[in-house]
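Residue numbers (our numbering), protein chains in the order written: chain U, 19 to 439; chain R, 136 to 472.
Keep in mind the hints are simulated off the structure, nothing from the lab. Here the structure is a predicted model, which is why all the values come from computation and not from measurement. Treat the hints with care, since some could be wrong.
[To be verified] Stretch by stretch, here's where chain U covers chain R in the computed footprint (C-beta under 8 Å, at least three residues):
hint	stretch
1	225 to 237
2	304 to 310
[As the list claims (entries may be wrong)] 16 Å max Cα-Cα, derived EDC-like pairs, lysine to aspartate or glutamate:
hint	chain 1	residue 1	chain 2	residue 2
3	U	Lys-424	R	Asp-156
4	U	Lys-400	U	Asp-178
5	U	Lys-203	R	Glu-243
6	R	Lys-181	R	Asp-165
7	U	Lys-231	R	Asp-156
8	U	Lys-424	R	Glu-298
9	U	Lys-424	R	Asp-299
10	U	Lys-424	R	Asp-300
11	U	Lys-192	R	Glu-374
C-beta: ideal position from N, C-alpha, C; glycine also.
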Amino acid sequence: MTSSAAGGRGATAEGELRPLRFHVPEPKCRPGSSPDLSSIELPTQVLPRPAIDTPRERLHEYAYGLIRVLGDDHRASGDWAPSLDADQLRQGLRSMLLTRLFDQRMLRAQRTGKTSFYMQCTGEEAIAVAQAMALEPNDMCFPSYRQQGLLVARGWSLVDMMCQVYNNSADRMKGRQLPVMYSAKEAGFFSISGNLGTQAIQAVGWAMASAYKGDTRLAATWVGDGTTAEADFHYALTFAAVYRVPVLLNVVNNQWAISSFQGIAGGEATTFAARAIGYGLPGLRVDGNDFLAVYAATRWAIARARAGHGATVLELYTYRAAAHSSSDDPSGYRPDGEAACWPLGDPVERLKQHLIALGEWSEERHAALTEELTEEVKVAGKEAESHGTLGRQTPDPRTMFDDVFKDLPAHLLRQRDQLGN
Amino acid sequence: MPSMTMIQALNSAMDVMLERDPNVLVFGEDVGYFGGVFRCTAGLQKKYGINRVFDTPIAEGGIVGAAVGMGAYGLRPVVEIQFADYIYPAMDQLTSEAARLRYRSGGEFSAPITVRSPCGGGIYGGQTHSQSPEALFAHVCGLKTVMPSNPYDAKGLLIAAIEDDDPVVFFEPKRLYNGPFDGHHDRPVKPWAGHPLGEVPEGYYRIPLGQAAILRPGSAVTVLCYGTMVHVALAAVEESGVDAEVIDLRTLVPLDLETIENSVRKTGRCVVVHEATRTGGFGAELSAQVQEACFDYLEAPIERLTGWDTPYPLAHEWHYFPGPARVGAALKRALEY
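Make a model of the complete structure from these sequences and hints.
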């Protein structure tokens with residue numbers, strides 16, 4: 019036997035077999051230590067905006083780089099910088115701020131017993147808002163549970179959203195869904211499942227249907243870094259690649275899947291954008307806290323899809339600044355203050371400073387806007403609460419039998435009778 | 136009227152619906168160019184084009200998930216899961232997504248999809264090509280579960296399933312694809328040709344979901360069955376000379392309880408037969424429903440005759456399969472109680 023053959027069987031040079039090992043990833047910092055994100059190496063290479071018909075095999079570096087537009091000086095630079103005018107930028111800022119204030123009020127509502135549950139998207143507002151602005155209003159979104167900014171940016175009724183969170187008599191979902199699992203077909207917002215990742219392959223199917231009908235509407239979907247491990251994500255990438263589907267596949271890498279850091283989902287060995295490469299799709303990693311970069315990369319992926327070049331995977335690199343949900347306490351698994359150390363800053367603050375640098379905004383105007391939006395959320399809250407809150411003014415219990423099937427079958431009619439009035 | 140096998144009848148149903156409704160698409164593993172491993176989609180891609188009838192990656196969860204998205208858009212996809220034994224990767228998309236989309240969205244979105252899948256044994260398929268998992272799907276609220284027993288019903292039920300606005304899981308007993316197998320595996324194979332239920336109209340017709348069929352009227356005992364067991368039960372009844380009423384359920388959900396009740400009230404005895412394993416099987420549900428609805432009329436305990444609670448063993452297929460002798464013995468027990 020040759021020595022290389024012996025090595026191939028796992029032997030050491032001396033011929034002894036070493037005990038096998040495996041590795042469980044762990045984040046660098048845990049509670050009790052000071053937050054330290056210095057190990058995150060942000061790519062510094064400036065990646066030019068490629069032509070939308072660039073062959074995917076020439077885009078590999080984009081999966082490992084980081085597309086940025088806003089610099090530390092709050093100026094936009096590079097050829098990714100989108101041509102958004104000041105009004106559009108202010109609109110984006112307004113939607114992000116409104117989303118944040120909405121979240122704050124609804125979390126307080128949870129703390130005071132008006133709803134059982136809430137999920138904030140603090141720190142991730144740029145993603146949903148910029149992408150909603152990049153998409154056409156009737157493109158269909160298949161979101162996860164942290165893209166409420168899509169609805170806000172599309173001008174959807176805050177009262178309608180709140181009624182869902184309160185499961186009250188005006189909840190269009192008739193009190194059936196966990197709070198924040200919105201559905202708004204009119205706003206191009208697909209019903210949120212709650213089972214992770216299922217919507218990814220559904221978005222691909224929806225986009226295939228749209229293409230089959232000669233429609234012009236795209237589909238876009240969002241999963242978190244943790245959910246990239248689900249089979250549905252891989253179905254989505256496979257089908258999107260095989261059938262060259264006009265769909266946007268977004269991975270919101272917010273570093274945390276409840277208490278598991280992104281290394282547990284496979285983020286130690288490579289990037290989530292690089293998942294795309296093996297499927298023959300372009301994967302782009304984008305600064306998710308840079309409103310302009312998110313907008314620009316999304317526009318690129320949309321243009322590529324509309325030109326018939328198929329799907330793009332966008333990894334939106336961000337940080338989940340708040341708890342996973344109102345039921346979660348991050349102090350049990352990550353150091354206090356880690357969000358403040360996030361090297362890519364806060365998306366609202368960055369766009370605000372950019373507008374100020376452009377001479378199109380000021381601290382005074384920002385304070386006034388905050389006050390105005392706080393009032394808007396408050397007024398919406400009062401109206402929503404007039405329709406009921408958790409356990410008060412709930413939908414008629416007899417409606418629980420509706421919509422299981424299109425028409426009530428005999429056995430459900432019997433069960434509804436057994437429920438009584 | 137032409138004679139068709141169940142394969143030809145299913146093919147005809149999809150042909151009719153592809154012709155009638157441009158929103159109908161057909162896809163699955165090997166269903167496109169090749170026409171399916173059982174040939175159920177043969178010729179459809181050539182006739183309707185590669186955008187309407189196509190092959191998919193080997194990803195059952197992906198097939199059903201994509202269908203859910205298409206259904207939400209407004210199409211009526213008809214997908215094939217090559218063997219029912221392979222349907223489990225799609226369980227989440229069926230139970231958590233297709234079945235609940237209308238409910239969870241307050242009626243905004245729905246998934247009018249049809250999932251076809253060959254089931255059952257009798258073909259020496261072993262434990263990965265013989266299962267009958269219908270009870271798992273009948274347990275899921277929001278799904279309709281269908282299993283035809285003959286070519287005529289297969290076509291009419293499949294058309295009804297495709298037109299249905301709710302998701303339908305459509306199980307096809309593969310041992311019945313080419314003939315009415317009655318469990319006598321040691322006898323020559325019978326074809327559908329010449330069988331009255333092998334006479335299938337060329338065009339459009341539908342058999343409503345939720346309606347059972349009384350295939351043999353009788354007064355001594357009611358036999359509840361579906362799929363392959365319909366033919367086994369009919370053979371057992373004939374061989375034992377019992378005046379049994381044999382009811383082919385055709386649809387498990389929604390269940391035609393009225394036909395079942397009327398029969399058991401008349402006969403006072405009931406035997407439930409299925410090929411699937413016993414514990415938690417659909418026979419348990421049938422027994423419970425009959426007991427609840429007909430307790431005062433029952434003259435004997437309800438007999439449940441099923442596959443054993445083991446995986447489907449290849450070498451012992453005919454020991455596992457609830458053949459006519461075992462069904463006959465169950466009829467006798469019910470009658471002699």
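Right, here's what the structure says about each hint:
no. : hint                  : in the structure
1   : 225 to 237            : holds (count 6)
2   : 304 to 310            : violated (count 0)
3   : U:Lys-424 / R:Asp-156 : violated, 20 Å
4   : U:Lys-400 / U:Asp-178 : holds, 12 Å
5   : U:Lys-203 / R:Glu-243 : holds, 6 Å
6   : R:Lys-181 / R:Asp-165 : holds, 14 Å
7   : U:Lys-231 / R:Asp-156 : holds, 13 Å
8   : U:Lys-424 / R:Glu-298 : holds, 12 Å
9   : U:Lys-424 / R:Asp-299 : holds, 9 Å
10  : U:Lys-424 / R:Asp-300 : holds, 7 Å
11  : U:Lys-192 / R:Glu-374 : violated, 55 Å
Of the numbered hints stated above, those contradicted by the structure are hints 2, 3 and 11, listed in ascending order.
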